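Chemist: Residues per chain, in single letters:
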Amino acid sequence: QQKVQQSPESLTVSEGAMASLNCTFSDGTSNNFRWYRQHSAKGLEVLVSIFSDGEKEEGRFTAHLNRANLHVSLHIREPQPSDSAVYLCAVSMRAGGSNAKLTFGKGTKLSVKS
Amino acid sequence: GALVYQYPRRTICKSGTSMRMECQAVGFQATSVAWYRQSPQKTFELIALSTVNSAIKYEQNFTQEKFPISHPNLSFSSMTVLNAYLEDRGLYLCGAKGPGNTLYFGEGSRLIVV
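The listed protein sequences derive, respectively, from chains A and B. Adding 263 to a residue's 1-based position in the first sequence gives its number in our numbering. Adding 6 to a residue's 1-based position in the second sequence gives its number in our numbering.
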């Protein structure tokens with residue numbers, strides 16, 4: 264069964280400094296990775312989706328995937344206080360078309376101080 | 007853009023009663039809908055995955071008898087929590103598979119059981 268772990272559990276950065284979040288997964292055949300964020304127990308906002316090794320940028324959010332190392336990261340450039348939220352890593356298998364079945368990590372709580 | 011609306015946003019129900027929640031995809035056709043629950047202090051767990059013209063697949067620990075789901079067309083799904091008790095409280099998210107194979111989430115329906 265897929266296990267998804269995120270680190271750190273919480274992170275505080277200053278406004279404008281790069282924020283880096285990590286996610287490891289256990290199933291090396293996974294090929295569908297997403298980063299979401301959740302503000303104050305509300306719904307999820309999709310930030311970046313990545314399907315192959317390398318880098319994918321969406322605005323200030325960049326995901327790096329290294330499937331050999333079972334690792335995907337999220338980097339937030341010039342974070343602002345409004346980026347303070349819980350960031351969730353979600354992993355799925357695309358095979359069988361069931362990539363709606365995501366396994367989530369427990370999240371990293373990011374606080375951005377002005 | 008792709009939007010997912012969930013209703014109601016919050017419900018307080020008495021222990022042993024039932025709660026029905028709805029999920030509407032706007033601006034796209036949702037061939038798959040996934041229902042997740044975020045229990046207090048936990049991450050998101052998949053309850054079931056519903057694909058139009060296929061049987062609804064429930065995850066371990068979740069059953070159709072407890073969480074019946076209807077997915078009558080490509081824009082709407084509903085799920086009921088029958089005989090809700092304290093352990094059923096949490097934020098219920100509907101994720102609809104939309105453009106780019108991305109799962110878009112609504113803001114959730116929060117269930118409070120008293």
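Bear in mind the hints are in silico, worked out from the structure with no lab data behind them. Being a predicted model, the structure only gives us computed values, none of them experimental. Mixed in with the good hints there might be a few duds.
[Said to hold, decoys possible] Computed footprint of chain B on chain A; a stretch qualifies when at least three of its residues, placed anywhere within it, have a C-beta under 8 angstroms from a C-beta of chain B:
# : segment
1 : 306-313
2 : 366-374
[Unchecked claim] With a straight-line Cα cutoff of 30 angstroms, these simulated BS3-like cross-link-like pairs (lysine-lysine) come out:
#  : chain 1 : residue 1 : chain 2 : residue 2
3  : B       : 20        : A       : 266
4  : B       : 48        : B       : 72
5  : A       : 305       : B       : 20
6  : A       : 305       : A       : 266
7  : B       : 20        : A       : 319
8  : A       : 376       : B       : 20
9  : A       : 319       : A       : 369
10 : A       : 319       : B       : 72
11 : A       : 376       : B       : 63
12 : A       : 369       : B       : 63
13 : A       : 376       : B       : 72
No residue lacks a Cβ here, since even glycine has one placed at the ideal position from N, Cα and C.
Chemist: Given the hint that residue 376 of chain A pairs with residue 72 of chain B, does the C-alpha gap stay at or below 30 angstroms?
Modeler: Distance of about 44 angstroms is beyond 30 angstroms: violated.
Chemist: Below or equal to 30 angstroms on CA atoms is what counts here, so check residue 305 of chain A against residue 266 of chain A.
Modeler: The given pair, whose Cα atoms are some 24 angstroms apart, holds under the 30 angstroms limit.
Chemist: Going straight from one Cα to the other, do residue 20 of chain B and residue 319 of chain A come out at no more than 30 angstroms?
Modeler: Outside the cut-off at roughly 46 angstroms; violated.
Chemist: CA of residue 376 of chain A to CA of residue 63 of chain B, is that 30 angstroms or under?
Modeler: violated, 43 angstroms
Chemist: Are the Cα atoms of residue 319 of chain A and residue 369 of chain A separated by 30 angstroms or less?
Modeler: Answer holds: residue 319 of chain A to residue 369 of chain A is near 22 angstroms, not above 30 angstroms.
Chemist: Between residue 20 of chain B and residue 266 of chain A, does the CA-CA distance stay at or below 30 angstroms?
Modeler: Violated: residue 20 of chain B and residue 266 of chain A sit about 35 angstroms apart, past 30 angstroms.
Chemist: For a C-alpha distance cap of 30 angstroms, please report whether residue 305 of chain A and residue 20 of chain B respect it.
Modeler: Answer holds: residue 305 of chain A to residue 20 of chain B is near 23 angstroms, not above 30 angstroms.
Chemist: Are there three or more residues in the segment 366-374 of chain A whose C-beta lies closer than 8 angstroms to some C-beta of chain B?
Modeler: Check passed, 5 qualifying residues.
Chemist: At a Cβ distance under 8 angstroms, does chain B reach at least three residues of the segment 306-313 of chain A?
Modeler: With 5 residues closer than 8 angstroms to chain B, the segment 306-313 of chain A meets the three-residue bar; holds.
Chemist: For the pair supplied as a hint, residue 48 of chain B and residue 72 of chain B, is the alpha-carbon distance within the 30 angstroms limit?
Modeler: Judged against 30 angstroms, a Cα distance of about 20 angstroms means the pair holds.
Chemist: Sort out whether residue 63 of chain B lies within 30 angstroms of residue 369 of chain A, counting only the CA atoms.
Modeler: holds, 24 angstroms
Chemist: Quickly compare the C-alpha distance for residue 319 of chain A and residue 72 of chain B to 30 angstroms and report which way the hint goes.
Modeler: violated, 40 angstroms
Of the numbered hints stated above, those contradicted by the structure are hints 3, 7, 8, 10, 11, 13, listed in ascending order.
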